[in-house]
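Asker: Protein sequence lines correspond, in order, to chains L and D.
Sequential numbering from 79 applies to the first sequence in this note's numbering.
Sequential numbering from 0 applies to the second sequence in this note's numbering.
No wet-lab data here; the hints were simulated from the structure.
There may be inaccurate statements among the hints.
[As the list claims (entries may be wrong)] Below are the DMTMM-like pairs computed for lysine to aspartate or glutamate, each with C-alpha atoms no more than 20 Å apart in a straight line:
#1 L:Lys333 - D:Asp107
#2 D:Lys276 - L:Asp328
#3 L:Lys406 - L:Asp328
#4 D:Lys276 - L:Asp102
#5 L:Lys122 - L:Glu147
#6 D:Lys276 - L:Glu382
#7 L:Lys90 - L:Asp130
#8 D:Lys217 - D:Asp192
#9 D:Lys276 - L:Asp192
#10 D:Lys127 - D:Asp153
#11 L:Lys333 - D:Glu69
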Amino acid sequence: MIIGERYQLAPKTLEAIFAALARDGVRVLAPRRVDQHVALLPVKSLAEVALDAVQASGSAKAAVFPPVEQLLSFTGSGQDLRLQDPEPTAPPTVVFGIRPCEARAFKSLQLVFDWDSPDTLFDAHLAMTTVVSLGCTQADEACFCTSVGGGPRDTQGSDLLLQPLQGGGFAADVLTAKGQALLGLAGELLPLGPEGMLEPAPEVEPAFDAARLPEALEAAFDSPVWGEESLRCLGCGTCAFVCPTCSCFDIQDEKRDGGGRRLRCWDSCGLHQFTLHASGHNPRETQGQRWRQRVSHKFLYFPERFSAAACVGCGKCARACPADMSLKEFLRALTRGR
Amino acid sequence: MASNLVSSTRSQGRPPLAPNVFRPQLVRVATVTAEAPGIRTFRLEFLDPAEGQAFRFRTGQFGLYGVFGEGESTFCIASSPTRTGYIECTFREVGRVTTALAACEEGDVIGFRGPYGNAFPLESWAGKSLVFVAGGIALPPLRSVIWNALDWRDRFAGVTIVYGARSVADLVYKRELEQWAARGDVKLVVTVDPGGETPDWKGEVGFVPHVLEKLAPKSADTVALVCGPPIMIKLSLPVLAKLGFGDEAVYTTLENRMKCGLGKCGRCNTGRSFVCKDGPVYTLAQLRHLPAEY
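Okay, chain D solo, but in the shape it has when bound (with noise of 0.2 Å):
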């Protein structure tokens, strides 16, 4: 029969079921902080433990989290590496999906695919010191660096942490601000925009640049890491530059529109380079080379 001949080349017939990469796992909704007007954080586990327990990330890779029904969207995972059994997310309530996210309650189960993309290179920053610049809802990707350098503090040098929002209000993860602060081995400096401070703020009013200009942190062994708004990096670049960082030594990471994360989609692809599979970490020097596309 032409069918049995047509088959029989075809990898005898069907081919079987291969892993669907597109098959999200599912995960709990398991705390939700709200963290500032429209912005919540999710602690996720897994619904399977075992799938929890085989989950690896690195730091900076991020996953597409989806409401059955609304769809995907993409995130950093805001957690670090070295905390296990969970991850967390941070997001605004802003398109569909996100709106839909935030309807979830704790208890609730909502789809996760990833880890995807690349990562800080963490290890290969020991013995130096590092500097982290953040803006508004920029803040989770550098909290999961942030946190995983804590956990290896004893291998970094200096830890510099600036960050900066609107107002008081918009500040994300404000108990681990706090927390930061009480360490005698970071050191942190919070900035709200003239205008955003309550009567009683006791940190910085400024912007973030001003104020990275003002504390001047040391180039030397030094990484910085830079995410915020454009505008917020678009003026802080300058000032790490005249600091003395050159470009091999600032990070950042870019957060186009993905569907797939897979590099298939097509919709992420800058230049040269696909977000979700060359990205989302970049240096600025291989920033230089991309289209201002994102």
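Excised from the complex, chain L in its bound form (with noise of 0.2 Å):
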């Protein structure tokens, strides 16, 4: 298989794929159906894959980036103090389905954690991962990729991206040798010419202009709409943790039997707690002014210092939010200059 071809691959292949990768105790994430609800879980075969959802809650990012991960661990006190790095137990793992939108979040996610001090603990993390992502046949009203630069069938972030082909199958895009790798478990695959078609991807209108965004932000900083639209934030963070580019942390130290471990932990700008002085000061007191930061800091500040904005257009955060807020429907709303 060559980096940068396009493969058929039927659905019995990949049910191959899946048992080799079972068989050698690759941890697969999939979009699993638990009851109503469609999650990112480990699953040893194909059939359990939910397919057909547009969107699995949760973030793909735990995979390179644990909710709660140890940075090091000590036992002993004064001159027997010991210090231990973590064991590098990041399991080979494959990301299999989620969506572009998602994929490309790794890219995010990697220009935090690697720029100027790289997180060795991440990367080890990233190395062992591959990427396979499931190109868009549907969207809903959540979704705004087109909005913030991707689509339904971008590459940037995958190693592999599936796309369903009329009539069954998959159109199996090579993207990196990670992509190619995953895809030698097959054994040899036919080429995929113009004869493949692939189901159609949904029409995702653009939203919002994101062009237009830093100079709305840099315009809006004072205005009243933030403390407005956060009125209904109940500061619960759930949009950060669902969020794919979020990368916020906080070190925790935890104590036990004669020694303990610093743990970091997801964390998010939108919880008070967050930027809380042990003196009480607290720079940003108000769920405005965390509000403001939380889209400032993905659509001006981050963009500024990366190239690109924290922000896929996956929609999660809306999906999520129990108070219904919509990052979209905000950003609309501002470059529209309300």
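Please assemble the complex out of the two chains, which come individually in their own frames, going by the hints.
Answerer: Okay, structure coming up:
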């Protein structure tokens, strides 16, 4: 198989890849239906994968940036204090069937974790992870990938992009050496010529002009919209936890029998304690200030530093928000100059 | 086998163990100095002498000081880079980590990560005069610059220090204040808030901005460094402006809450700036471009 080529992948062949991965102890995370809910969970076979879900809840970032991760452990005290780095236990992982928007987020995470002082724990996870995205055939009202530079068939961040073919099976675009190795588990595959008709991609109409956002955000800094919009925000942080690009974290120590460990845990700029000083002073006291920080960081500060927005338009935040806040609708209104 | 195939493309299997950016260096509390109620200074020596030899920093940089099992806290390095073999930090006992630090005794081992952040461009101030304006527990970051400047005394013109605290008891570095007062090449003015004086107090009584205005240091070829509680900074800046200090000639340091110190955890992000990477040292001109979220 050649990087940059498209191959025909029959469901039976894909099943064989899943069997090979299961046999070799490779962790496969994929959208799986549990009751009425589709979450990213470990699977052993293609049959377990909810291929029809627009979007799984939760975030695939957990594969490379776990919700809780040990940074180091320690035993003893005084002269006998010993530090231990975490074991490089990142299991070989295939993230299968996430949407192209979410795959793009791996690039965004890498920008944060690898700038200046590369985060070796993150790098170890990423090196062991293969991303197989599934092109979209449907979208819902929360989707806005096309407003932030993506699309239903975007390839950024993916090692392999699968797209459903009319009449069954998938077109498999080999994008990286990791994708090549994974597809190689199936043996030789036939290249897919122009006769292979893809299922049509959904129309995701752009909701706002992202190029206008930096200017609009600068202009709106002192606007009352932040306070108004955040009145319904519960400050629960769910939007950040499901967000594939949100990378803020806390560091906390735990003590246990004569030793302990230092943990990194997901955190959110939307939470009151995020910036709270021990003295009681809080630089961002109100939820409005925190909402402004969240939006400005994603669409103004982050793009200035890294030349890309920290948002892939997946809509997970809006689907998960218990107060029905919608980043997409907020940005639509903002760029229209309300 | 699949695992061979999969791993063969991944940097030849598991990546080699790279240095853990979150692993602190171990330092011993060499001395503990009680400065004021709830405020202590630690002198810290690297457990590994080779690490101590290799350690370099510039004045204004900060570190994360950690008690294992309690966490890490961010403070500036309060000693001068010209004094090698140790670093010092001064902190107030207020939260979980600083309470655990305060319980440390001489000989105890804690963690240190750093140095992080930018620094005061002391080298570029050669030939200029320096005016230090500090209040309360905010003298430590300036104390590093002061000793650095005094160790390079012939590079600078005048050195003026205005330092105030709520009361005589709240003044930190009392012994060093005496040393600075005794020097002929430093103009030191120490003040306490009205009501904070003791019967034998010989210094000024009054708020720092008022004392600064009365002292009226010249602003030509002079750099002002201001660190203190927000209200002191807020009221001192107009005084400096009135004295003719431009926004580019006024420096301060921000002390946002931090967890990583590496520009990743997001906590210290203020506007376009990550205080841990782009700061903690800012000119007033730079601060005017940041939202007041510090």
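Asker: Give me the numbers of the hints this structure contradicts, sorted from smallest to largest.
Answerer: Those not satisfied are hints 3, 4, 5, 8.
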